[in-house]
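Student: Here's the letter readout for the chains.
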Amino acid sequence: VNPRAQVITAAGEGSAAAIAINNDLVDEDLPIAVTNFRLGMPIG
Amino acid sequence: MRRCFETQPCTHCTAPFPESATTVVDGAGSEDSGDMNEFDVVVVGGGAAGLSAALVLSRARRSVAVVDAGQPRNAPASHMQGFLGSDGLPPTELLAAGRAEVTGYGGQLVSGAVATVTVTACPRTSAHNRQRFEVVLADGSPLMARRILVTTGLRDDIPDIPGVRERWGRDLLHCPYCHGYEVRDQPLGVLGGDPASTQDALAHAHIIRQWSDDVVFFTNGNPLTVAQREQLVARAIGVVDTRVVRLVVEDDQLSGVELADGRVVARAAVFVRPAFVANDTLLTDLGCATSQNGWVAVDATGAPASRASGQPATP
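Residue numbers (our numbering), protein chains in the order written: chain A, 216 to 259; chain B, 1158 to 1472.
Just so you know, these hints were derived from the structure itself, not from any lab.
Check the hints yourself; a few may be wrong.
What the hints assert, rightly or not - Label pairs and their in silico Cβ distance ranges:
1. A/ASP242 to B/GLY1245: 39 to 47 Å
2. B/SER1235 to A/PHE252: 55 to 63 Å
3. A/ASP242 to B/ARG1403: 35 to 43 Å
4. A/GLY255 to B/GLN1288: 38 to 46 Å
5. B/ASP1357 to A/PHE252: 50 to 58 Å
To be verified - To give an idea of the chain B side of the interface with chain A (calculated C-beta under 8 Å), a few residues:
6. ALA1205
7. VAL1213
8. ALA1217
9. LEU1306
10. ARG1341
All of these numbers come straight from a predicted model, not from anything done at the bench.
Using N, Cα and C, we set each Cβ at its ideal position, and we do this for glycine too.
Using the sequences and the accompanying hints, generate a full structural model.
Tutor: Take a look at the structure:
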């Protein structure tokens, strides 16, 4: 929480959080993709 | 493609593609999620932060739900100042535009309050055992998510003085950067709080002095040090030491501050430095640690620096 955040600050921090979360999800998915690839499953 | 949630079979282990890779390669957007209650991300709080996050995530082709209880912190404010490109826009219009943008990219808006968030394990996953979140709304509806983003912000704990709550966001103000220009050059007041917050209130007064030559600091009966009083005098900030009993309102406009001795100090607007209380119960219930200042401790990415489990995040 940023107690000094104005609306524009909050919007920016929301955007930054979204990018961090998306990156985190990609990081989660990557080893799954590798595992499936090694099992001979179709890649994607 | 179904998501990997506790209540669903774990298709990570049996499906031909990993879920997100499939979604991207197949060109199937997040709207193709197998269950309407399952999302990549559930955003709790539909203010500027939450909607902005949902917009970015939706554009990143993530399935997103925004849960909002419809109680924005800035609800009393009629206009939003200092927002580049939208200066003066009513906050309600910003939110309406934001909601339309989010839904335009497939994000879902859910009206309601979140009652609980619990961490669940993805079953039948050993190689990629990641936790999931079950978000239960006040009406009992469940949402499942790979991640949650808590953007519930904070609330303002304002002094319990008659008139303060009624005028909040109108002519009883907090942020001079948001409202100072609109009351520039007018007789302004700054309310001191309890002794513990006097220094913060004094700092507030010195900042507000930027917008008017006529500023009065109301100590509300709390003593000032010689140095504090000297600093106020040096910047031509008036000092009233008598306790404040109420704000005086005439014709739906603040006209003054009434003191315990019956005097009324004419003021057009009064600023106060509220105590900020984080709406972080969902995070602390999940085991997120708080720092010494009472806020949930976060790292550089905005994610809680330590947590009992899961990946909640709060901007």
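Student: Of the hints stated earlier, which fail here?
Tutor: 3, 4, 10
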